[in-house]
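Those sequence lines, one after another, are chains F and U. Sequential numbering of the first sequence, starting at 1, is according to my numbering. Sequential numbering of the second sequence, starting at 1001, is according to my numbering.
Keep in mind the hints are simulated off the structure, nothing from the lab. Mixed in with the good hints, there may be bad ones.
To be verified - Straight-line C-alpha distance at most 30 Å; calculated DSSO-like pairs for lysine-lysine:
(1) F:K336 <-> U:K1689
(2) U:K1449 <-> U:K1677
(3) U:K1500 <-> F:K391
(4) F:K225 <-> U:K1500
(5) U:K1704 <-> U:K1689
(6) F:K418 <-> U:K1500
(7) F:K303 <-> F:K229
(8) U:K1723 <-> F:K303
(9) F:K165 <-> U:K1147
Read off the chains here:
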Amino acid sequence: MIRAIFFSIFDVHQGPKVLHQVPADSIAPSTGSSQIPLFHFPSVSSYIIPRPEYCSKLITFATPLHRVLCNPVCLHSSTYPRNAYTFSIALVLDASTPFASYATVTLKLASLLQTLEEQSRFLSRDVSPPNTGKIYALCEILLEDLNNYSESMIPIDDSNTLNIKLFPTYPPPPPLHPHHVPLSTVRLESLTDPNWDLTMLRVLPHIDGVNSVKQISLLADADYKLVRKAIEHLLYYGCLLLLDIFSFGASYASTAELASLVEDTDIQEECAAYVALPSIQGNSKASQSDPVSGFQLVELYLKLRQGQTVKSFYIENVEVVDRIDVRRFITFGVIKGFLYRVHRYAIATSHTSRRKREHKSKSRQKANVSTAAELQADGTEAEPHLLELEKFLDGTHCFDEICTELMISERELMSRLKAFGDVQIICR
Amino acid sequence: MASDVLPPNPCLLAILLVVKINSEPRIIFHYPPRPGQDNSLFTRYLAAQDRDKDGSSSTDDDSTSSQDEEVVAQIKIKESKTGDNTPELDFEETGSISPEKNDIWKDQYGKPKWNDVFGLRAYGLARLLCPPRTSHKQRFEMSIDDKVFVGRPIFAQEGEEWKKKKEERKRRERKSGTESEMTGVQEKATGSDRLHSSAQESANSTAVSDFGETSGDGLEIRQEAFPAPKVDRPLMTNNEKFTEEQSKPPQKTLNMFHVVFVLNPPPLEHHLRVKEMYDHVIRKFSKILKREQAHSAYVLREISAMFKDTPKMKSAHSEDQTLATLYHKYLSQSTLARAISVIYNNISISRIAHVNLTHQSSPSFQIPIPTSISVLPGPLSPQMPGMWLTTATSFPTDDDMNMTSSQLASHFTLLLLTDLSTILSDINDTTSPLSAPLTHYLRVSKPTKSFVQISQSSGIPMSDIQFMASHLVYWRKARAIPPLCQRDAYIVSPNADMTKLVSASSKFAKAYPALPSLPKILNLLSTPRAYSTLIPSKDHKEAFMDILAWLLRGGWVTQLRTFVWVRVPSHIKETVESQGEPDRSLESSMELPPKRNDNEEGKESRGTLAVPQPPSPTSSTTSTHTTIPFRSSQDPSNPPPAPSLIQNPRQASGVSSRWLAAISIHILKAQGVESQKAWNRCLRYFDGKHAIEMIAVRENWKRKKVAELVAGWEAEGLLLRGKHW
Chain F
1 MIRAIFFSIF
11 DVHQGPKVLH
21 QVPADSIAPS
31 TGSSQIPLFH
41 FPSVSSYIIP
51 RPEYCSKLIT
61 FATPLHRVLC
71 NPVCLHSSTY
81 PRNAYTFSIA
91 LVLDASTPFA
101 SYATVTLKLA
111 SLLQTLEEQS
121 RFLSRDVSPP
131 NTGKIYALCE
141 ILLEDLNNYS
151 ESMIPIDDSN
161 TLNIKLFPTY
171 PPPPPLHPHH
181 VPLSTVRLES
191 LTDPNWDLTM
201 LRVLPHIDGV
211 NSVKQISLLA
221 DADYKLVRKA
231 IEHLLYYGCL
241 LLLDIFSFGA
251 SYASTAELAS
261 LVEDTDIQEE
271 CAAYVALPSI
281 QGNSKASQSD
291 PVSGFQLVEL
301 YLKLRQGQTV
311 KSFYIENVEV
321 VDRIDVRRFI
331 TFGVIKGFLY
341 RVHRYAIATS
351 HTSRRKREHK
361 SKSRQKANVS
371 TAAELQADGT
381 EAEPHLLELE
391 KFLDGTHCFD
401 EICTELMISE
411 RELMSRLKAF
421 GDVQIICR
Chain U
1001 MASDVLPPNP
1011 CLLAILLVVK
1021 INSEPRIIFH
1031 YPPRPGQDNS
1041 LFTRYLAAQD
1051 RDKDGSSSTD
1061 DDSTSSQDEE
1071 VVAQIKIKES
1081 KTGDNTPELD
1091 FEETGSISPE
1101 KNDIWKDQYG
1111 KPKWNDVFGL
1121 RAYGLARLLC
1131 PPRTSHKQRF
1141 EMSIDDKVFV
1151 GRPIFAQEGE
1161 EWKKKKEERK
1171 RRERKSGTES
1181 EMTGVQEKAT
1191 GSDRLHSSAQ
1201 ESANSTAVSD
1211 FGETSGDGLE
1221 IRQEAFPAPK
1231 VDRPLMTNNE
1241 KFTEEQSKPP
1251 QKTLNMFHVV
1261 FVLNPPPLEH
1271 HLRVKEMYDH
1281 VIRKFSKILK
1291 REQAHSAYVL
1301 REISAMFKDT
1311 PKMKSAHSED
1321 QTLATLYHKY
1331 LSQSTLARAI
1341 SVIYNNISIS
1351 RIAHVNLTHQ
1361 SSPSFQIPIP
1371 TSISVLPGPL
1381 SPQMPGMWLT
1391 TATSFPTDDD
1401 MNMTSSQLAS
1411 HFTLLLLTDL
1421 STILSDINDT
1431 TSPLSAPLTH
1441 YLRVSKPTKS
1451 FVQISQSSGI
1461 PMSDIQFMAS
1471 HLVYWRKARA
1481 IPPLCQRDAY
1491 IVSPNADMTK
1501 LVSASSKFAK
1511 AYPALPSLPK
1521 ILNLLSTPRA
1531 YSTLIPSKDH
1541 KEAFMDILAW
1551 LLRGGWVTQL
1561 RTFVWVRVPS
1571 HIKETVESQG
1581 EPDRSLESSM
1591 ELPPKRNDNE
1601 EGKESRGTLA
1611 VPQPPSPTSS
1621 TTSTHTTIPF
1631 RSSQDPSNPP
1641 PAPSLIQNPR
1651 QASGVSSRWL
1661 AAISIHILKA
1671 QGVESQKAWN
1681 RCLRYFDGKH
1691 AIEMIAVREN
1701 WKRKKVAELV
1711 AGWEAEGLLL
1721 RGKHW
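The task is simple: from the sequences and hints, build the whole structure.
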């Protein structure tokens, strides 16, 4: 929320001076006005109209209640008195407002005004009395538009138009991995139009909270890098959440956030609605019986623990779990943060490398060839899968990631790990 | 879901000391020597100078320079090498140097780069950093492009007074009284301004005494305890010099001083980082300097000390070398310059800065770093791998303990963050009255015994233990944890830093060669179970408890704690219902959450999930399944009421308190008096916030007894159990 916009210049006779201000009397009250200004202009004028070396820089300063953003500009020309014209357009915000997006607006405004001044002496010729004239009108429209619509389009003359928009600043999205499962938080289909990026349009139908990024790229028949880029864009704008690959072999456990579910009946209701089976698809018995209550769901969530797969959880609690959508049940917990996926990691212990060395020396004896290339080829031929697997066995790659990268099932991975030898599996 | 805890990032670029002497603002000193550029050369040089002086470790690098013969000799050699060109920063000439003169000087000798700050002329910047008098003791914040200048200017009182001074000084000051000409400045602060600043002041004083610093003298002891407060001899000589100066009529008047911290915070973290730095470092430092200045004209004295016998610049020497010599001189001559450099060097890498200003004043500054997080960061949140994941914070969050919130809870204990011998040698390096008791305490302290137990077994009073423990926590030597116990369950922390696994494994193998490897241990801790099941025999117990401490220190494991809620079974509800009360329906309807089926649809579509909701039958029934008591009162023929939870048993009222009473009676009937007594005692822990592992420690009961009691109540369907950290 912009509190005020004001335009000030360096007057050769009076020094720094506020020419136009919106709202009126907010910065430098006219004589006789009873209004208290937002801050005392003379004591901060050295920041708004500073020495020439500080011009063309973004300068902000904080007063106890407000923050002022300005970008003073100093133009040198013999046509000006004292050969220079210094002006500054400044935005006043509340002190606590995040101002990153206003900073770019300030810079753009200043550069536009500089261009106008250089083209047609737009600023220096405007001798209209304070709070009238073109510059005043510009400030007035800007304040209104930016506060109400976050954007503004003001035609200034035949050749110049001011186009300004407040872009929100978001943190950079986290690194995206092939095994991440995106889930949309908005109805993306309703936002699209045919001008959108082609990859994006192909990707969107497959974002359903089930497919991983890798699977999406396969389903959409699009290059993985492009798919990743498209999804990263959506992530940046907060349209997506990231989940893990759901499978009945995975295990989930509760986090400290669980208390919020236990204590909040609203979330329980939301959960009950989300996990309920649709009546038509479910068997007749399920639809007839009572829907699962929020309390029952709480009890179910509390039963999930480390070291227990969803499958065994299902079998243990089949009576209740049969009446809900298990995947949605788990997903709801992950989205709300009261469940976390217990990922599994594998780390090859020192034994393995020795075993491999032995294997290599054996193959060398067998082949009786000493060139490294052939040795390598030999090794690859013998255990291609295992060599491929080895780089994932440093404890930093979870099973989801390994399976996605190698395009194998978890069962296959387990059998390969068994063949690999001494590998410790750590659940985290 | 998203955690707000961010990794520490001080974003500190430089510290400038801005002063206004004889109404002339200038940047008198800044550290590092080349702000915003590569300063490694200088830091190496200065560190080498320090090492020559004393082979002290990191915490000691702030000790004031002793007048070691060697260093003096070195400097003399360097001085003799340098010529006698006029240095720009000659304090003795400041009175006469006007801006014009300054500029002329620059033009004549070329632009002296080292006097520029971030490519800006120091003189112009000084003017900008010298705010009007109304900002006395106020937060100052100004930014130029991406650099933020934050400070808290301190002005002399009207008539250049620095608070109460000796009569004769006052007289002299008045004689020399140079009127400060504050152009375009409101000279007198308005009444509201005064009020504001005094309110801020009182807020400051409470904020300064942050955690642990409960007793008044605690501050002093703590500050002396770690880095050795060496007898600063140069200061003594300065003092003598100063008294000499005093005898002459003073020429300089200090109108204002302002320590400005230059930060470059990421745009999205601007407010957070600036606030952190201001609250924890800038405000405290500025207050201390103000006090010292009022007490003994410290700032003015140090500035004069800094520029006494400044080595001369010579173009024949490389600029770097001259600058390094100059800085070495500053740092050895002035404790204030030294303090600024120490603050910069430590704060910019998120460490504790301990500075020695005078004999009486050796404060320490730090931006507190988080020691634990309770929320596991999701894939979209900022990651803090390796951070201890727990809800067990050492400071009691609620009112259930009869102690103030700043004390460490008595049922916690200390986990040392480095090995004992390192800490002990650090302590013994210093000569502080606290060394002996600290050493004694550290020798008896064990991570398996709570503060109370240690106090009982060793005879150290509880308050002393808490004081020493919080002292160690403050200095980041230890962390408060619930005592380790082999019967508790520990799991691999979901926040463990897996990228460090390989290097940690080799460290682990070195530390515990005879025991299973780290991956093996973590594999065993992957499924929840009591830690004792890992321990092969009684002889191994101690070693395995050491391992546990090691694992916890590195954030590899976290305790899996059990939390319970009171579950009200159907039969209890029926009993209460059958007792019947006249205004039951009124009360039970008060118990209900507000009915909200009207806006249900709208709320759901606004929710975070865009995935289509299953079609309608559920949404029409959602409103009924939480309103069970209501339904049963409407229609008595319905099936028995469904069980539910009591959220805060200590503050239960209405129908829940009657349920609790009924439960208590039920336990008496089913399990006897003992059990009922224990239930009534333990009820306060059954709110889902207190881990039941702590009951035994707090109530001083046997663990077995607690386990049996809880299992018994759970079998009766009176408790609902959840496990997390």
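Comparing the hints with the structure gives:
The suggested pairing of F:K336 with U:K1689 holds, with an alpha-carbon distance near 19 Å, which does not exceed 30 Å. Pair hint U:K1449 plus U:K1677 holds up; C-alpha atoms about 27 Å apart against a cutoff of 30 Å. Pair hint U:K1500 plus F:K391 holds up; C-alpha atoms about 16 Å apart against a cutoff of 30 Å. Between F:K225 and U:K1500 the alpha-carbon distance is near 28 Å, which keeps this suggested pair within the 30 Å criterion.
Among the hinted pairs, U:K1704 with U:K1689 is consistent with the structure: their alpha-carbon atoms are about 21 Å apart, no more than 30 Å. Straight-line distance between C-alpha atoms of F:K418 and U:K1500 comes to about 24 Å, which keeps the hinted pair within the 30 Å bound. The hinted pair formed by F:K303 and F:K229 fails the criterion: a straight-line CA distance of about 38 Å is larger than 30 Å. A distance of roughly 9 Å separates the Cα atoms of U:K1723 and F:K303; the hinted pair therefore holds under the 30 Å criterion.
A C-alpha spacing of about 25 Å is found between F:K165 and U:K1147, which places the hinted pair at or below 30 Å, so the restraint holds.
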